[in-house]
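Following the hints, put chain A with the ligands in place on chain S, whose structure we already have.
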Amino acid sequence: MITQLKSGNVYDPHNKIFNVKKDIFIEDGKIINKKDIKSKIDKVINCSDKIVMPGAIDLHTHIGGGKVNIARLMLEEFHNEIDPNYDSSSIIAPSTLKTGLKYIEMGYTTCFEPALLPINARQAHAEMSDIPFIDKGGYALLGNDDYFLSLLKNKSSQSTINDYVAFILKATQSIGIKVVNPGGINAFKFNQRALNVDEKSKYFNITPREIVEKLTKALYDLGVPHPLHVHCSNLGIPGNFFSTIETIKAANGLPIHLTHIQFQSYGNNGDRGFSSAAVEISNYLNKIDNLTCDVGQIMFGQTVTMSGDSMSQHRNHKHAHPKKWMCMDIECDAGCGVVPFKYQDKSFVNALQWAIGLEIFLLAEDPWKVFLTTDHPNGAPFTSYPHLIKLLMDKTFRNDILNQLPKGILEHTILHTLKREYTMDEISIMTRSAPAKILGLEKKGNFSNGSDADITVYNKNIKDIEEMFAHPSLVIKDGKIVVENGQIKEYIWGKTHTVKPEYDKSIEKDLSKFFDKYHTMKLDNYIISDDEMHRLVGSPIYVNNCSRKRKE
Amino acid sequence: MASQNDNKNLVCPFCSLHCDDVSVTTDNNQYKVNESNNVCAKKIDTYNLNNKSMLLPKKGAKVVSLSSALEDIRNIIKGHNETLIINHGVDLSGVRSMLNFASQKNYIIDHINSKFLYQNIGVVQRTGYMATSLTEAKNRADVVMVFGNQIFDKSPRLLEKVLGAKNSLYMKKKKELILIGDFSENIIKEIKKKCNVTNVKLDLDLTNDFLNATSLDSSEAVKGLKKSKLSNIKNIINKSKYLVAIWLASDFIKAKNPKKIISSISKYIVDRNILSRAACMPISGSLADATSSQALTWTTGFSSRIKHSEGTFKHDRNAFDSKHLIDNNNVDVVIHISTISPDKLKLNKNVKNIVLGHPNTTFTMAPDIFIPVGIPGIDYEGIMFRTDNVVSVALKSIRGIKLPTTQNILDKLA
Ligand code: SF4
Ligand SMILES: [Zn+2]
Chain S
1 MITQLKSGNV YDPHNKIFNV KKDIFIEDGK IINKKDIKSK IDKVINCSDK
51 IVMPGAIDLH THIGGGKVNI ARLMLEEFHN EIDPNYDSSS IIAPSTLKTG
101 LKYIEMGYTT CFEPALLPIN ARQAHAEMSD IPFIDKGGYA LLGNDDYFLS
151 LLKNKSSQST INDYVAFILK ATQSIGIKVV NPGGINAFKF NQRALNVDEK
201 SKYFNITPRE IVEKLTKALY DLGVPHPLHV HCSNLGIPGN FFSTIETIKA
251 ANGLPIHLTH IQFQSYGNNG DRGFSSAAVE ISNYLNKIDN LTCDVGQIMF
301 GQTVTMSGDS MSQHRNHKHA HPKKWMCMDI ECDAGCGVVP FKYQDKSFVN
351 ALQWAIGLEI FLLAEDPWKV FLTTDHPNGA PFTSYPHLIK LLMDKTFRND
401 ILNQLPKGIL EHTILHTLKR EYTMDEISIM TRSAPAKILG LEKKGNFSNG
451 SDADITVYNK NIKDIEEMFA HPSLVIKDGK IVVENGQIKE YIWGKTHTVK
501 PEYDKSIEKD LSKFFDKYHT MKLDNYIISD DEMHRLVGSP IYVNNCSRKR
551 KE
Chain A
1001 MASQNDNKNL VCPFCSLHCD DVSVTTDNNQ YKVNESNNVC AKKIDTYNLN
1051 NKSMLLPKKG AKVVSLSSAL EDIRNIIKGH NETLIINHGV DLSGVRSMLN
1101 FASQKNYIID HINSKFLYQN IGVVQRTGYM ATSLTEAKNR ADVVMVFGNQ
1151 IFDKSPRLLE KVLGAKNSLY MKKKKELILI GDFSENIIKE IKKKCNVTNV
1201 KLDLDLTNDF LNATSLDSSE AVKGLKKSKL SNIKNIINKS KYLVAIWLAS
1251 DFIKAKNPKK IISSISKYIV DRNILSRAAC MPISGSLADA TSSQALTWTT
1301 GFSSRIKHSE GTFKHDRNAF DSKHLIDNNN VDVVIHISTI SPDKLKLNKN
1351 VKNIVLGHPN TTFTMAPDIF IPVGIPGIDY EGIMFRTDNV VSVALKSIRG
1401 IKLPTTQNIL DKLA
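Chains S and A, in that order, give the protein sequences. No gaps in the numbering here: position 415 of the first sequence is 415 in our numbering, and each next residue is one more. In our numbering, each residue's number is its place in the second sequence (first place is 1) plus 1000.
Please keep in mind that the hints were generated in silico from the structure rather than gathered at the bench. Glycine residues also receive a C-beta, built at the ideal position from the N, C-alpha and C atoms.
Each pair of labels, with its calculated beta carbon distance range: (1) S:V44 / A:K1105: 37 to 47 Å; (2) S:T423 / A:R1317: 46 to 56 Å; (3) S:K34 / A:I1077: 49 to 59 Å; (4) S:I462 / A:N1350: 52 to 62 Å; (5) S:Y491 / A:E1082: 20 to 30 Å; (6) S:E77 / A:N1350: 31 to 41 Å; (7) S:E502 / A:H1080: 56 to 66 Å; (8) A:T1025 / S:S150: 34 to 44 Å; (9) S:K346 / A:K1346: 47 to 57 Å; (10) A:S1309 / S:E77: 13 to 23 Å; (11) S:P406 / A:N1330: 51 to 61 Å; (12) A:R1126 / S:N15: 52 to 62 Å; (13) A:R1126 / S:S150: 37 to 47 Å.
Pairs of lysine-lysine, BS3-like flavour, derived with a Cα cap of 27 Å: (14) A:K1172 / S:K517; (15) A:K1008 / S:K513; (16) A:K1172 / S:K509.
So here's chain S without its partners, still in its complex pose:
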């Protein structure tokens, strides 16, 4: 069966196509070149007044795993539709079903959970399997687990560390590795309350810098496409841009991705001791080749923050709104903290956070290096993406909101001086092709022959850009029409994206001993096989290629 999307204005940044009238052809769930079509065209969809883009990709959104479920449980009142106070527009910690529905309605077809605790991987994948429509994947957390830290403490070779990293990717069915507050979560278990980039943890005597160095090198050596995904030290603390810059340096020029960088770009100047360091951070972003980031924009309103960073979440619990929170130490593996929070436009700090995020977006010269996220739900629920796109594309709209914020803000931000408006070309890069590229998803985010037919079609006639991005007229996933004019046409289930670099199996012997001695489960049970993913967890896997052969 062949479907033709006829004469849409096509954006396909990977193939350097921007706003070109073109036809797109689909056969068996894949994009097919016109010249390769052998049979008759079964269905023609007129797209003459439409914008056609590959399905959007969210590379950092908390959609599955223990902490997400804690948030759902904690915030029951936000999904009780029989409660008179229920607000159907706010999706605080949505169920798996709602997550899938809201993403697909916005034309997002692939999403990544960035904080998959290895020990909790089975649960995270089981949850994500229950999210309809979208493809998904996860980044396994390392860098606070006692096994890894003991490898560093014992001065294990880089090659052994590479074996461990590759083993974790396989055992947890992940596509990348993330480090959260390197060493800090572990140090918190020993009652340390802060850990700077060059500060040694009390027990292991290891600095965050060493952890970032080893892990960036490991991913580079293994040829894993996605560089180390880093939630830096000192999240949210005024003055933390220094440690953010030091963390960038710790990669020694190798590829590194800094996540929700807005929360890491704070100065401590001014009468309030809180200021924007967006300019300093953007200078780095613009000048260093191997550095990418996602922003983690905040929006005003109720949300819930969830993080593996138990150290910082414990510190933040005083700001919980409503007044409840939870932190947890987890299995000599990692930790987590869930703190509900309401960003207030009347608050100087929150208003400045909002401005800092936008400053970073607008100062970033290369849309291939900066990604559109709210760190769902930490900065705001992902449903605010269309609003965020409008803020980037429409300076009048942006300045109108800025002018309503507390007066003092204008002295602390350069936002009102930034005239830039993002173009449709740039939006299509940062929400499609760029995330596909940085994750190594060769078959996503483009309309090349053989790529997955994940397609979002927007109605050009909708003049309000926010409205246009919120309600695509057509969403196609794996070649199937799943949303048409806002209506769900068919429920389908996606797959899980992984990467499997090679490693020396002897690491499993040592790990197995470690598990038998110190864990409360066996290594065998910790490993999730491909077959288990499919049959029990509920999601088939797709193994993406490494960018090259392993080096060390």
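Here is chain A with the ligands on its own, set in the frame of chain S:
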């Protein structure tokens, strides 16, 4: 057919610790735990089939075919108003199919242990809470406060595997256990082999007073507790670097105010974290309580007591309480799903009772329809969640009897 003397690894479904280090021998589909020193060997073996086991569906006292049992269930459901599914324990695939079934027919779902679940999650839904997990407790805890006295019966290997474990990354000494409640001499004797024990015989309703009195600056006395003992406890707690509090919510059922006990413990732990480290680790029930609450939470946003209507799951903690529904005649069909324990099911004569159950299940009265289903981890592979909610295990299949799974049956009915 399983061959004789086949050695298999069991991932144990029978309590919320879900140990995966048990090996069994299977012989003619009977399994026997190999490690004779395993305190659970007897318990696990009693779940074997016996000459009273029911391997075929029944309508009342009469054995019927599966297809006719299914037809009968369809007929019962069709003619009635409100159907309730009570989960007495099943793996993730069973819970998923239960949700799918309920969503197609607008049914209510409750778990038999929901009341204990609600006691525990109350602290998460109303206040601050610090938690930990089994491996953390094993490697980091120096002092463990144990509240109530059933915990070691319900989770028999907690002592061996966690509290008194031979190996620990950071604890080179025995853990200090403070037992609070009314523990039997036998249990204390067992614990003393592996831990240092301070036994505090206490009315659990005085938990809050006791915890307050243990703070260094307190000069309060606690009813029934000697001054010297109290100062000894203060000493132990004061030195602690990682203190863990554990309890089993069902242990507080006889107390006047179970919720207050749990919130006092939780508050105490939260406060300790201002200067030191401490965490709670409640032990959940043995009827796959955690599996049910986790899967319901991610699918619907609610951990239990839900009803599907108008295209979505709704939640009402009181209205969808299974006991309340049955006592008030608000349901007329009850589907019991009980695959882990053969313990007596309480059935009610005012409703139609359908049971998908363990082949050894016993009842207070004969159900209208009974379909024997496989035991997860014995008869089929599956996933279950451990007590600390963060670890889930992959269950194996160790014997070859061909019982349908709960999922098989519910998918046929949906
Ligand atoms: S402690 Fe529980 S899970 Fe472990 S072997 Fe005994 S019954 Fe099974
Ligand atoms: Zn995040």
